[in-house]
Amino acid sequence: MELYMPVVALGIIATGFAVFSIVMSAVVGPKRYNRAKLDSYECGIEPTPQPVGGGRFPVKYYITAMLFIVFDIEIIFLYPWAVAFDNMAVFGLVEMILFILTVFVAYAYVWRRGGLEWD
Amino acid sequence: MSSAAVLAAEFQAPSFEYSLLSPLLVIFGVAITGVLVEAFAPRGSRYLLQAVLAVLGVVGALVATVIVGLNLVSRGGGTAHGSIAAEGAIAVDGPSIFIWGTVLVLSLVSVLLFAERRLEGGVLSFAGQAAALPGTEAEREASTRGLEHTEVFPLMMFAVGGMMLFPASNDLLTMFVALEVLSLPLYLLCGLARRRRLLSQEAALKYFMLGAFSSGFFIYGIALVYGYAGSMNFAAISAAVSGRAGGEGLLLGGIALLAVGMMFKVGAAPFHAWTPDVYQGAPTAVTAFMAACTKVAAFGALLRLFYVAFGGARWDWTPMVWVIAILTMVVGSVLALSQTDVKRMLAYSSIAHAGFLLTGFVGAQQVADVGIGEITSLQAVLFYLVTYGFTTVAAFAVVTVVRDAGGEATHLSRWSGLGKESPVVAGVFAVLLLGMAGIPLTSGFTGKWAVFTTALAGGAWPLVVTAVLFSVVAAFFYVRVIVLMYFSDPVGEGPTVATPSILTTIVIAVGFAATLALGVVPGPVLDLAAAAGEFIR
Amino acid sequence: MSETPFIVLSAILFTIGCVGVLTRRNAIVVFMCVELMLNASNLALITFARVHGNLDGQVAAFFVMVVAAAEVVVGLAIIMTIFRTRRSASVDDASLLKY
Amino acid sequence: MPVVDPAAADGVFSLLWLVIALPALGAAVLLLGGRRTDAWGHLLGVATVAGSFVLSLVAFVGLLGRGADDRAFTQHLYTWIEAGGFRVEASLLYDPLSALFLLLITGVGALIHLYSVGYMAHDPRRRRFFAYLNLFVAAMLVLVLADDYVVLFLGWEGVGLASYLLIGFWQHKPSAAVAAKKAFVVNRVGDLGMALGIMLMFATFGSTAFAEVSRVATEATDGVLTALGLLLLLAACGKSAQVPLQSWLLDAMEGPTPVSALIHAATMVTAGVYLVVRSNFIYENAPVAQTAVVVVGAVTLLWGAVIGCAKDDIKKALAGSTMSQIGYMMLAAGLGVAGYAFAIFHLLTHGFFKANMFLGAGSVMHGMDDDVDMRHYGALQKAMPVTFLTFAMGYLAIIGFPGFSGFWSKDKIIEAGFEDNLVAGLAALLGAGITAFYMTRLMLMTFFGEKRWEKGVHPHESPKVMTVPLIVLAALSVLGGVMLLGDWIVGFLAPVVGEAEHHTPAVPPIVMTLVVVAVVAVGVATAWLLVGRREVPRTAPQRVSVFTRAARADLYGDAINEALFMRPGDRFVGDLVTFDNAGVDGAVNGTAAAFGGMSGRMRRWQNGFVRSYALSVLVGALVVLVAMLAVNLA
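If you read the sequences in order, they're chains A, B, C and D.
Quick note on the working numbering: the first sequence kicks off at 138 and runs consecutively.
Quick note on the working numbering: the second sequence kicks off at 16 and runs consecutively.
Quick note on the working numbering: the third sequence kicks off at 3 and runs consecutively.
Quick note on the working numbering: the fourth sequence kicks off at 80 and runs consecutively.
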C-alpha cells in the first residue's frame with residue numbers, strides 16, 4: 138500500500154484544487170452578464186442550429202474513429218514490446234515488423250479504397 | 016526495474032512449429048493476401064482473383080492438413096497422436112486434424128457457393144455496395160454498375176482460420192481469440208445480402224449484439240477459471256481440477272459461464288434465440304457456411320474444453336448438459352413444426368441437431384471406458400458433424416436455386432408442387448431432408464446411430480429415449496416439406512427453379528453424394544474418426 | 003491485500019453491464035454495456051494474476067482489450083448501417099425477423 | 080431355443096444378393112430412366128420380380144436338398160458400419176424362415192406385378208408405379224434376408240417409404256395424400272420402438288446381429304429382455320396395424336388396389352409377425368412380453384373382425400379382415416414355440432387368399448368404374464364369372480371351409496390358443512365366427528342378390544392379364560393346406576424357431592375342428608339371414624331419430640327384424656368404428672395437434688426483440704450457474 142501513497146496524495150491534492158478553484162471563482166468572481174456571455178462560445182462563433190434528436194455527425198467521423206482504433210490496437214502491443222525491446226533483440230524486432238506489416242495491410246486497404254479522403 | 020531484468024535474463028525466443036501449423040498459416044496468409052488484392056487489383060479482375068485465391072488457399076491448407084496428419088507422432092500408448100505447438104497454445108492432434116479437414120472441405124464447398132454469380136444475373140449474391148442505403152438511387156446505381164463486394168472472400172477466409180484455431184486451441188486465451196476471429200467476419204457477412212437488405216442488416220445486428228454479449232460471459236468464465244487454476248493452459252487446469260485445490264465456487268462458476276459462451280455458438284437452447292433470425296436473414300450462402308462450419312468448429316472446441324480441461328469435473332457439469340440437451344431437442348424439433356419459411360425451418364432443424372450432438376457429447380465415453388465393439392463419444396460426435404455438415408450445406412444450396420421474382424422463394428408455400436416443376440431438385444432436397452430425419456441408407460441414420468449408441472453405452476438412456484422421441488417429431492416437419500413438394504398443387508405462379516452455374520451444381524452434388532455415401536459406406540469416414548484418437552493434453 | 007474487494011467490484015461491473023444490455027434501447031449504449039462486461043472481466047483477470055503471481059492474466063487483459071477494439075470496429079459498422087437505413091439506433095426497431 | 084448359426088453361402092446360395100438386386104435395379108432404371116422407359120417399364124418391372132422368384136425357387140429347392148441342421152446360410156456383402164470394434168455387416172441370412180418369405184414375396188409379388196400391367200394400363204404414371212412396386216419388393220426382401228437388426232431396420236424403413244409413396248400414388252386425391260401422411264405418422268411411432276429396441280440391444284449385447292444376439296440372449300436380465308420384447312412389439316404393431324396402432328391401415332386403402340393386395344395384405348403388414356417370430360430368442364426369455372403379444376393379437380383379431388362387419392367399402396371391409404387375420408398370426412406368435420410355425424403357416428395361406436380377394440375386389444372395381452361401395456354391387460357372379468369363382472375360393476379359404484387352406488391354418492391357431500389359455504382360444508374361436516359373418520356378407524352383397532348398379536355402369540370381366548394371376552392365387556388358396564401334410568412346415572421351421580414337445584391335448588383335435596366348423600356355420604347362416612334374404616338398401620341406413628325410424632318401419636316391411644337383430648349389432652359396430660375414428664385416430668391426431676399447438680405457443684417467445692433474446696441468454700446463464708453451484712455445493 139505504501140507504494141501507492143504518492144498517487145493517492147496527488148489525487149487528493151488535484152481534487153482539492155479543482156473544488157477550491159470552482160468554489161472560489163463562484164464566491165469572489167465578478168458577475169456581469171450580457172448576451173455574449175450567455176452564448177455557448179464566448180469567442181463569438183454562432184453555434185449552428187441542431188436538428189431534432191441531438192444532432193448527427195457525418196459518417197466520416199465514424200470511419201475516422203474506426204481507423205483510430207486500428208492504430209490503437211497496434212499501440213497496445215507496441216508498449217510491452219517497447220519495455221522489453223533490448224532483451225528480445227532481433228527476434229522481437231522481426232516479430233514486431235511482421236505485426237506492423239499485418240496492420241499495414243489494413244491500412245493499405247483503407248487508403249486504396251478511399252477511406253482517407255475526407256470528401 | 017529489477018523484475019524486468021530478471022525477465023530479460025530468462026528470455027529465450029519462443030519456438031514456433033511452422034510446419035505443424037502450416038494449414039492455419041496458409042489460410043491466414045490467403046486472407047491477408049485477399050485484403051491486399053482488394054486494395055491493389057483493378058475492380059474488374061477482383062472477382063476472379065479472389066475466388067481463385069480462396070479456392071487455392073483452401074485446397075493448399077487441405078493438402079497441408081493431410082501432410083501434417085500423416086506425420087503426427089503417437090502418444091499415450093497409441094490412443095492419441097499429435098503434439099502441442101506454439102508454446103502450449105495450440106494442440107495439433109488427431110481430432111484437430113479431423114476437424115480441420117472437415118472445416119476445410121466444407122469451406123471449399125461454401126466458397127463455390129459464395130462465388131455463384133449466375134443466379135443473380137452475373138453478380139454475387141452479396142450487396143453490391145453495403146454502404147448504399149436500400150431503396151435509394153445510390154443502391155440502384157451500384158446495381159446497374161454491377162458493383163460487388165469481393166471482400167466476402169477474405170472475410171470468409173478469416174472466419175475459416177478462426178474456425179480452425181478454435182477447436183485446436185490448447186489454452187483459454189487462444190480459444191477466446193479464435194472465437195472472436197471466427198465470429199467477427201461472420202457478423203459482417205450476415206449483413207451483406209443483396210436482396211431483403213433490411214432483414215439481412217437486422218440479422219447482423221442481432222447476431223453481433225448477442226454474440227458480443229455471450230462472449231462477455233465467456234471471458235468472465237475464463238477469468239474465473241484462471242482464478243481457480245492459476246493458468247490458462249488446459250493441461251494445468253486439468254491438473255488443478257483433478258487436485259481439487261479448493262475454491263470450487265470459482266471453478267464451477269467458470270465452467271458455467273464458459274458453457275454459456277460455447278452453447279451460444281453451437282446454438283443450444285436457451286441460448287439459441289439468435290439462430291433462426293440470423294439463419295433466415297443472412298445471405299443463404301453465408302447461412303450454409305456458418306450452419307455447417309461454425310457448428311463443426313464450435314463442437315470441436317466444446318469437446319476439447321470439456322473433455323481435456325474439465326474432464327476431471329465431469330460429474331459436476333454432466334447434469335447441466337443433460338438439461339441443455341433435452342431443452343435443445345425439444346425447442347428445435349417442436350418449434351420447427353410451425354415454421355413457414357424454409358430457411359427458418361432448417362435453422363430450427365440445426366438446433367435440434369445440436370441437441371442430438373449434445374446427447375453424444377454427454378455420453379462421454381472415452382477409450383478407457385469402452386469395451387469391444389463400441390465407439391467413443393468423440394468419434395461419434397465427429398462423425399455426426401461430418402454427416403450434418405454436408406447435408407446442411409447442400410440443403411441451403413438447394414434453397415438458393417428455388418426462386419421467384421423477388422429472389423429466393425423461401426416461404427414454404429412457394430415450394431408446393433416443386434416435384435412437378437423440377438423433379439431433380441425436389442428429389443435431391445427430399446433425399447437431404449430424409450437424411451436429416453435419419454432414414455437408413457442416408458448419412459443421418461449412421462450419424463444418429465453412432466451418437467445415440469455411445470450415449471446409451473455411457474448410461475444416458477433417458478436422454479437417448481428423449482432424443483429418439485424427438486427425432487421422430489423432427490421427422491414430421493421434414494416429411495411435411497416432402498408432402499408439400501410432391502403431393503400439393505402449386506400456388507399461383509408456382510416456384511421456378513433457376514439453373515445455377517456449375518459452382519452451385521457442384522455444391523449440391525457433393526452434399527447429395529456425401530449424404531448417400533455416408534449412409535451406405537460410412538466405414539472409411541468412421542475409421543478416420545476412430546484413427547483421430549483422443550485429445551492430447 | 004485481499005483480492006475479494008476487487009472481485010466483488012468486477013462482479014458488480016459485470017452485472018451493471020448485463021443489466022444495461024437488457025434495459026437500454028440505443029444500440030450504441032447496449033454495446034457500451036457489453037464493453038463494460040469485458041472490462042469487468044479484465045479487472046478480474048488482473049486481480050487473479052496478482053493473486054497467482056504470474057503474468058497470464060495481464061497478458062489476457064491486453065488481448066481482451068484488442069478484441070474489444072476489434073469488436074467496436076465491427077459493431078460500429080453494423081450499427082451505423084442499420085441506423086442509416088432505419089434512421090433509428092433503437093435495437094427494438096429491428097424486429098422484422100421473428101417467430 | 081435354437082441359436083442362429085449360419086454357414087457361409089455357396090453354390091446357388093451365393094446368388095442370394097441377386098434376389099434383392101434385380102428389383103432394386105428395376106426400380107433404379109425406371110426412376111432414373113424417365114420417360115424413355117415408359118413404353119417397356121412395366122414389363123421390366125414384372126421381369127425383375129419374376130427373375131427373383133425363379134432364383135428364390137432354385138434356392139428353396141437347394142435348401143430342401145440339405146439336411147435339417149444344415150439349412151442356414153449367410154452371404155457377406157460388405158461391412159456397412161465399422162468403428163473401432165463395433166460393426167454392422169451388410170450380410171444376408173437365408174434359412175427356412177427367410178426361404179418361405181422369399182417365395183411368398185417374390186411369388187405373390189410377381190403375380191401382382193403381372194396383374195398391375197392390366198390394372199394400371201390407363202394410368203399415365205404407370206412406369207412410376209412399377210418403379211415404386213419394385214422398390215417395395217427390394218426393400219421387403221432386404222427386411223426378410225437381413226441377418227442383423229440394423230439391416231432389418233433398413234428394410235423396415237424402406238418398405239415404409241415405398242408404402243408411403245404408393246398410398247399417396249394418386250396424389251390428385253387429397254384423401255390419398257392425407258392417408259399417406261397418416262400411415263407415415265403412425266409407422267413412425269412403431270419405428271420409435273424399433274430404434275429404441277435396437278439401441279437397447281446394442282447397449283446390452285454389444286451387437287445387433289441375429290447370430291450374436293441369439294447366442295447371448297439368455298445372459299441379459301429379465302427386465303432388459305422384457306423391455307426389448309415390448310419395444311419390438313411396438314414396432315410390430317406399427318407395421319402390422321395391430322391395436323393400438325391399427326388406424327392407418329383402413330385409410331391406406333386409398334392406394335391402388337394392387338398395392339393394397341401386395342403391401343397391405345400379403346407382405347408388408349405381416350412384417351411385424353416376421354419380426355416377432357424372428358426374435359423368438361428374445362421372446363422365449365421374456366414371458367411378459369409374450370403375453371403382451373397374445374393380448375395384442377387377440378384384441379386385434381376381434382377388433383378388425385368387427386370393423387369388417389361395418390364397412391360398405393369393399394376394400395375397407397377386406398382391410399378390417401386383414402387386421403383381424405394378422406391378429407391371429409400375432410396371437411399364434413405370442414404362444415411361443417407351440418405357435419411360431421402356425422403363425423407363419425397362416426401368414427402364408429393368408430398371403431394367398433387375401434391377395435386373391437384384394438385382386439378380385441380390384442377386378443370388380445375395374446368392372447364397376449372404380450366404385451367401391453358394395454351397396455352398388457350385387458349379382459355380379461354372372462357378369463364376372465372368373466372373378467367370382469376365384470373370389471369364392473378365397474372366401475372359402477378365409478372362413479375356414481374344410482379342406483381349404485385357411486381351414487388348416489386357422490384351425491391350428493385356435494387349437495394352440497385353447498391349449499395355452501381359455502381366453503385366447505375363445506377369442507380366436509369367436510373371431511372365426513365373425514369372420515364367417517362378414518365375409519359372407521361381403522360375398523352376398525357383391526356377387527348375389529339384385530343388381531344395384533349405378534346408372535351407366537356395365538360390369539365386364541377383366542382382361543386375361545388380370546384373371547390369370549387370380550386363377551393362380553385361387554389355386555394356391557385352395558391347396559395351401561398341403562404345407563401342413565405330415566406337419567411338414569413345423570419340421571421345416573424347427574431349426575429356426577424350435578419345436579414344441581408333443582403332448583396329448585385336453586380336447587381331441589377332431590372335436591375342436593368340429594366346434595370351429597360349427598361356429599363358422601353359425602356365422603355364415605347369420606349373414607345369410609340378415610343380408611342374403613333381404614334387399615340391401617342402396618344407401619346405408621342413417622342413424623336416425625326414433626320418429627323417423629318408426630316412419631321408416633312403415634315403409635320397410637322388415638323394420639322389426641332390423642330393429643331386433645340388426646340395430647343392436649349395428650349400434651355396437653358403429654360405436655366401435657366411431658371409437659376407432661375418434662379415439663385412436665384422435666389420439667394420434669391429438670398428439671400431433673398438441674405438438675402443433677405447443678409449437679405455435681412457443682414460437683411467440685421468439686418475438687424478434689434482441690433484448691428479450693439477451694434476457695433468455697442471461698436467464699439461461701443464471702440457471703446454469705445456480706444449477707452448477709447448487710448441485711455441487713449442496
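Hints listed in this document are in silico derivations from the structure and should not be mistaken for laboratory results.
There's no promise every hint is true.
Computed footprint of chain D on chain B; a stretch qualifies when at least three of its residues, placed anywhere within it, have a C-beta under 8 Å from a C-beta of chain D [stated by the list, open to error]:
(1) 235-242
(2) 492-504
(3) 510-516
Here are the simulated DSBU-like pairs of lysine-lysine, each with C-alpha atoms no more than 35 Å apart in a straight line [claimed, not checked]:
(4) Lys252(D) - Lys435(B)
(5) Lys530(D) - Lys543(D)
(6) Lys435(B) - Lys100(C)
(7) Lys534(D) - Lys252(D)
(8) Lys197(A) - Lys100(C)
Here the structure is a predicted model, which means the values were calculated and not measured.
For every residue, glycine included, the Cβ atom is placed at its ideal position computed from N, Cα and C.
Sort out whether lysine 252(D) lies within 35 Å of lysine 534(D), counting only the CA atoms. 24 Å, holds
Is lysine 530(D) within 35 Å of lysine 543(D), Cα to Cα? 25 Å, holds
Tell me if the straight-line CA distance from lysine 435(B) to lysine 100(C) falls inside 35 Å. 31 Å, holds
Taking a Cβ-to-Cβ distance below 8 Å as contact, does the segment 492-504 of chain B have at least three residues touching chain D? Satisfied; 5 residues make the cut.
Given the proposed pairing of lysine 197(A) with lysine 100(C), does the C-alpha separation stay at or below 35 Å? Roughly 33 Å between the alpha carbons, so the hint for lysine 197(A) and lysine 100(C) holds.
Counting residues of the segment 510-516 of chain B that have a beta-carbon nearer than 8 Å to any beta-carbon of chain D, does the count reach 3? violated (count 0)
Using a Cβ cutoff of 8 Å, are there at least 3 residues of the segment 235-242 of chain B near chain D, or does the coverage claim fail? violated (count 0)
Can you confirm whether the C-alpha distance between lysine 252(D) and lysine 435(B) stays at or below 35 Å? Status holds; Cα separation ~16 Å.
Comparing the model with each earlier hint shows violations of hints 1 and 3; every other hint is respected.
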